[in-house]
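Please take these sequences and the hints and turn them into a complete structure.
Just so you know, the sequences run in chain order A and B. For the first sequence, this note's numbering gives the first residue as 1, with consecutive numbering after it. For the second sequence, this note's numbering gives the first residue as 1001, with consecutive numbering after it.
Source of the hints: derived by calculation from the structure; they are not laboratory data. Given the structure is predicted, the values throughout are model-derived calculations rather than measurements. Accuracy of the hints is not assured; some may be wrong.
[What the hints assert, rightly or not] Simulated pairs of lysine-lysine, DSBU-like, Cα-Cα distance not exceeding 30 Å:
{"hint": "1", "chain 1": "B", "residue 1": "Lys1158", "chain 2": "A", "residue 2": "Lys207"}
{"hint": "2", "chain 1": "A", "residue 1": "Lys185", "chain 2": "B", "residue 2": "Lys1158"}
{"hint": "3", "chain 1": "A", "residue 1": "Lys50", "chain 2": "A", "residue 2": "Lys68"}
{"hint": "4", "chain 1": "A", "residue 1": "Lys185", "chain 2": "A", "residue 2": "Lys68"}
{"hint": "5", "chain 1": "A", "residue 1": "Lys208", "chain 2": "B", "residue 2": "Lys1158"}
{"hint": "6", "chain 1": "B", "residue 1": "Lys1073", "chain 2": "B", "residue 2": "Lys1125"}
{"hint": "7", "chain 1": "B", "residue 1": "Lys1055", "chain 2": "B", "residue 2": "Lys1041"}
{"hint": "8", "chain 1": "B", "residue 1": "Lys1055", "chain 2": "B", "residue 2": "Lys1125"}
{"hint": "9", "chain 1": "B", "residue 1": "Lys1041", "chain 2": "B", "residue 2": "Lys1073"}
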Amino acid sequence: MMALVPAKAVQPPMPLPLPGFEHVRRSWNSQFESYAARILPGEFYVTKNKEGVATTLGSCISACIRDKVLGIGGMNHFMLPATEFSDLASLKASSLSDVTRFGNYAMEHLINEIMRNGGRRQNLEVKVFGGGRIISGMTDVGLANITFVRDYLNMEGLPVVAEDVGDIYPRMVIFFPATGVARVKRLRSLHNNVIIDEERRYIDSIKKQPVSGEIELF
Amino acid sequence: MNTTPSDLVRDISGLVTLPDVYLRINRLIEDPNSSSADIAKAVSQDASFTVKLLKLANSAVYNFSSSIDTVAKAVTLIGTSQIRSLALSLSVASSFEGMPNDLVSMRNFWKHSLLCALAARLLCKQARRCDADALFTAGLLHDIGELIIFNRLPGQAKDALMLVLDSQEEVSVPEAERQIIGFDHSAVGGALARQWNLPTVLQECIAWHHDPASAEKHPREVALIHIANTLAQLAEVDSIELDDAPAIDPHAWEVIGLDPDVVEEVVRAAQEEFAEIEQLFLGQ
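Now the structure itself:
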């Protein structure tokens, strides 16, 4: 039996952002019939609403974390500034040092913000995307980022329910914390340089930040 | 005053020119007194083209039963007007070396173009009744307007690509270009093809590959390049799911008399042939 074709979804009013996320740009996505926030390298976004969080990733990583019972969650977007740490052994040896500081910061900020808004640690589940090797012939920055985030989640005991990482493609990711649905699309190489530029600007900006500002740990 | 596509291509006439070997062969084909031996001679005068032509003629793309070891044999088996198409195909990448840009590497740009050319050839074999070598050239040239926009209007071109990413691809590349620049790369490529007096089938394939319904004289070839462009994008991201690339105008399938069942076979074959012949086109 054929269902009636539903009328085209009327665009509802944009849900209010949680405090602290008012600056993140959001727009209507007609494919998912939902609003989606677009985050840039170094940013993150947490929501309790039925809306998406989207980003584009080159060698950066996004962790999508949510409370699977309450549907509160969000996404971050980061990379480690340590381009010199191409091999895994030296990355691991440095895991408590300055190198991983920005990774720890990005992960903890996201988790803390989810919990501040009512999420419970025992309900958290994680999806991980990115870490592409989009510049050929250079040290594999993407791989260092993947190694970092896997180690971090393992150490924190947070379950990874899906991942799509590595390979040579940039990715476009959209994640819906309310349902846990994530859609990843590989992007064609036409977009490589724009994405590389965006990531480079982020790396340059964090390199200039002072090595202070400890983050509180749960 | 606003820039137009014609302004942009008028600007570049000193930087990018049609290859000599193409112009020579073109003159011979239009001369009723010339023979295929004259054309073979014109080919032989260009050593680099000769080497590439023979390598290509002996690759899986042509799949001839015997080996092609002389230019004369290549001209006889492939055909004179097809050799003219190949003269353009095999040198267009070096013709555009004078138009560098910071947005896309030349290797990545020509990879997409060559995958589109191979997909077009493969679709052509299945659809029948079309000139596979002309469509191959159309596939290689379909995005040349992009190189001109990237070189001449780099800031606006970058803003257009940012708009595509910011919208999560709700806005396509040509739509973004029209919003920010006022026209898209297919209009610029079309203007260059007209200025160069390329055959009308190439002019239309370049100008209308995003809008196949606008084709006038060559709707079948334009529809085929429109489809080949999407299949090339699938080959690039190694997928056979049509959702992973820009939508194909459903009417385009009707026009060429094929259906989406061919997607997987064409994408896979284009990937394999690309690996075999990419050096002939990209290794300058």
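Here's how the hints hold up against the structure:
For the hint pairing lysine 1158 (chain B) with lysine 207 (chain A), the CA-to-CA distance comes to about 25 Å; that is within 30 Å, so the pair holds. For the proposed pair lysine 185 (chain A) and lysine 1158 (chain B), the alpha carbon gap of about 21 Å is at most 30 Å, so the pair holds. For the given pair, lysine 50 (chain A) sits about 13 Å from lysine 68 (chain A) by alpha-carbon distance, which is consistent with the 30 Å threshold. Distance check on the hinted pair: lysine 185 (chain A) and lysine 68 (chain A) sit about 23 Å apart at the alpha-carbon level, within 30 Å; holds.
Annotation: proposed proximity of lysine 208 (chain A) to lysine 1158 (chain B) holds, straight-line Cα distance about 26 Å (limit 30 Å). Restraint check: the Cα-Cα separation between lysine 1073 (chain B) and lysine 1125 (chain B) comes to about 22 Å, which is no more than 30 Å; the hinted pair holds. Under the criterion of a C-alpha separation no larger than 30 Å, the hint pairing lysine 1055 (chain B) with lysine 1041 (chain B) is consistent with the structure, at around 18 Å. At roughly 21 Å between alpha-carbon atoms, lysine 1055 (chain B) and lysine 1125 (chain B) fall within 30 Å of each other, so this suggested pair holds.
Of the pairs offered as hints, the one joining lysine 1041 (chain B) and lysine 1073 (chain B) holds, with about 12 Å between alpha carbons and a cut-off of 30 Å not exceeded.
In terms of the numbered hints stated before, the structure departs from none.
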